[in-house]
Amino acid sequence: MPVVTVGPATVHVDAEGFLTQYDEWNEPLARQLAARIGIELTDEHWKAISFLRADYPAHGETATLRRVSTLAGIPIKQLFVLFPGKPAKKMAYIAGLPKPRGCV
Amino acid sequence: MKRLVILGAGTAGTMVANKLRRRLPMDEWQLTVVDRDDIHLYQPGLLFIPFGTYRPDEVRKPRRRFLRDGIRLELGEIDRIDPVRQTVALDGGRVIGYDYLVVATGTSPRPDQTPGMLGPEWRKSIFDFYSYEGSVALAGALRDFRGGRLVVHIVDQPIKCPVAPLEFTFLAESYFRQRGMRDQVELVYATPLSGAFTKPIASAQLGGMLDERKITVEPDFLVERIDSERKVLVSYDERELGFDLLVTVPLNMGADFIARSGLGDELNYVPVDKQTFRSKEHPAIFAIGDANDIPTSKAGSVAHFSTEIFVDNFCDLVEGRPMTRAFDGHANCFVESGDGKALLIDFNYDTEPLPGEFPIAKLGPLSLLRENARNHWGKLAFRWIYWHLLLPGRRLPLPARMSMAGKHQPDKEN
Ligand SMILES: Cc1cc2nc3c(=O)[nH]c(=O)nc-3n(C[C@H](O)[C@H](O)[C@H](O)COP(=O)(O)OP(=O)(O)OC[C@H]3O[C@@H](n4cnc5c(N)ncnc54)[C@H](O)[C@@H]3O)c2cc1C
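Residue numbers (the UniProt record's numbering), protein chains in the order written: chain G, 1 to 104; chain B, 1 to 414.
One chain only, chain G, in its complex shape (with noise of 0.2 angstroms):
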């Protein structure tokens, strides 16, 4: 696994950058790592990214958008507003999650 520096810290990634250590994580680094993808965390931000790391532990998987809408309660268009483009892939990548797995 490669390691990366990303502001003052040293974190370990996979090939495509998203956190494999779910304790490495802290509110800093979220902001440094959405910073990398041209995001800056507002509290609208903040209450999808909290659910992500909530869920995460309890449920073994990266919530899927449709999983953050009806559980966090915060409408799919608005994650795509938050998170433009991909934001299933950039919620996880700024909450230190695993890539969600797409469904098999």
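Hints were generated in silico from the structure; no laboratory data involved.
Even glycine gets a Cβ: it sits at the ideal position worked out from N, Cα and C.
Treat the hints with care, since some could be wrong.
Unchecked claim - Pair by pair, the computed Cβ-Cβ distance ranges are: (1) G:Gly60 - B:Arg64: 34 to 44 angstroms; (2) G:Val81 - B:Glu58: 46 to 56 angstroms; (3) G:Tyr22 - B:Arg179: 30 to 40 angstroms; (4) G:Ala15 - B:Met404: 17 to 27 angstroms; (5) G:Pro2 - B:Glu352: 19 to 29 angstroms; (6) B:His282 - G:Gly60: 13 to 23 angstroms; (7) G:Lys47 - B:Arg64: 48 to 58 angstroms; (8) G:Gln78 - B:Asp57: 41 to 51 angstroms.
Stated by the list, open to error - EDC-like, lysine to aspartate or glutamate: derived pairs with alpha carbons at most 20 angstroms apart: (9) B:Lys231 - B:Asp244; (10) B:Lys280 - G:Asp55; (11) B:Lys231 - B:Glu281; (12) B:Lys407 - B:Glu371; (13) G:Lys86 - B:Glu224; (14) G:Lys77 - B:Asp227.
Given chain G, work out where chain B with the ligand should sit, using these hints.
Then chain B with the ligand, alone, in the frame of chain G:
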């Protein structure tokens, strides 16, 4: 008497009932299966009806015929499970108590979940082939199609038989070519995924096959609504995709009673342990087949392999022994590719579909991730196997565990 209740007499429910009826003593166990009707649908056949390969009456048979003596079949719409009282309520007030419950109510297409899908164009220019009625209606629409843009579309993952929309696309391409009208038809494959399939090696192979056939892929397309007046699909990121004929796979969801009973996730699937199918919340409840949330394909083959693991574990459990078998996510799917050929893919939780031979290294006779006619005959033979061997719960010479024998790991680039 101990009571085992199985909800759903589809692929998984029927197999579990038949296998357990042989394994559990008749004088100690009462087995009840519940389904809404007495028509068992061979769902893989729905792919072929639009092209006239199967007649509609070849895919439906009475459920009762496939259930062994000593299994009670209750017909009725399931309304709710009460996991505390351990009862199941059916519409109309019937209540059935259980000691153990197996949820096998599958997943179904839900066109009502996409705004505009059930509008005036439903079954006029918008069709699905995941339901019996849709598949039969689509046969007429394909026959009458005079050309234009045909969009094959998936609302969202997961869907059962995730390769079926690809197969439909390949078969449609071949169908129009054979009718001498391929150049009048523009074929588009619109998917919420970033490519043809989820796993990289299979995705590259299948994507290449779409390319060769001049089928355009519209990737990362997550539909928000359908404007049926203008005949366009509108995505959440505001792309528009026009169609003359739309063949869509609506959102797939588990049964609504699962949500009403407080047992489901956001798509009404029952969260279970992925190796034993036991509910994470209620130890007397198991969910197998498409109804659970395990991270592998929703497919008849998975239902079959799961059943073998489940039945052995269940017999251990009720005799007070620990459950020792663990499911590895094994799935095995034929992929029809048109012109009388098909591919085969075989994979599990950890291993993606790889090229090679199946089930025996070098000999095959089937080949993995490569088109040939033998695979196609394998797929057609499967209908007979399904009715005569699989549903009755006979053992097939296919191991529940995936095997690496015959598989080739292509050299990893970069
Ligand atoms: C077009 C198509 C092609 C496919 N091709 C393949 C293939 O080639 N290979 C493969 O392996 N798989 C294939 N599949 C998938 C396969 O059919 C399913 O994965 C399999 O049937 C799942 O079995 P199950 O028992 O979980 O669900 P089902 O077989 O769907 O059974 C669920 C049962 O529950 C009943 N039920 C649901 N809700 C209620 C309720 N509220 N009250 C009463 N009864 C209820 C239903 O009536 C149904 O009988 C295909 C599916 C489709 C749609």
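Evaluated hints:
Take Gly60 (chain G) and Arg64 (chain B): their Cβ atoms lie about 39 angstroms apart, and the range 34 to 44 angstroms holds. Distance hint check: the CB atoms of Val81 (chain G) and Glu58 (chain B) are about 48 angstroms apart, consistent with the given range 46 to 56 angstroms. Taken as a hint, the range 30 to 40 angstroms is violated for the pair Tyr22 (chain G) and Arg179 (chain B), whose Cβ atoms sit roughly 55 angstroms apart. Distance hint check for Ala15 (chain G) and Met404 (chain B): the Cβ-Cβ separation is about 23 angstroms, which falls inside the suggested range of 17 to 27 angstroms.
Between Pro2 (chain G) and Glu352 (chain B) the beta carbon distance is about 21 angstroms. The supplied range of 19 to 29 angstroms therefore holds. Here the CB-CB span from His282 (chain B) to Gly60 (chain G) is close to 18 angstroms, well matched to the stated 13 to 23 angstroms. Checked against the hint of 48 to 58 angstroms, the C-beta distance between Lys47 (chain G) and Arg64 (chain B) comes to roughly 51 angstroms, which is consistent with it. Take Gln78 (chain G) and Asp57 (chain B): their Cβ atoms lie about 48 angstroms apart, and the range 41 to 51 angstroms holds.
Proposed proximity of Lys231 (chain B) and Asp244 (chain B) is supported: the alpha carbons are some 7 angstroms apart, at most 20 angstroms. For a cut-off of 20 angstroms, the pair hint linking Lys280 (chain B) to Asp55 (chain G) stands: about 15 angstroms separates their Cα positions. For a cut-off of 20 angstroms, the pair hint linking Lys231 (chain B) to Glu281 (chain B) is broken: about 45 angstroms separates their Cα positions. The hinted pair formed by Lys407 (chain B) and Glu371 (chain B) meets the criterion: a straight-line CA distance of about 16 angstroms does not exceed 20 angstroms.
A threshold of 20 angstroms between alpha carbons decides the hint, and for Lys86 (chain G) with Glu224 (chain B) the separation of about 15 angstroms falls inside it, so the pair holds. The hinted pair formed by Lys77 (chain G) and Asp227 (chain B) meets the criterion: a straight-line CA distance of about 17 angstroms does not exceed 20 angstroms.
Checked against the numbered hints given earlier, the structure breaks hints 3, 11 and satisfies all the rest.
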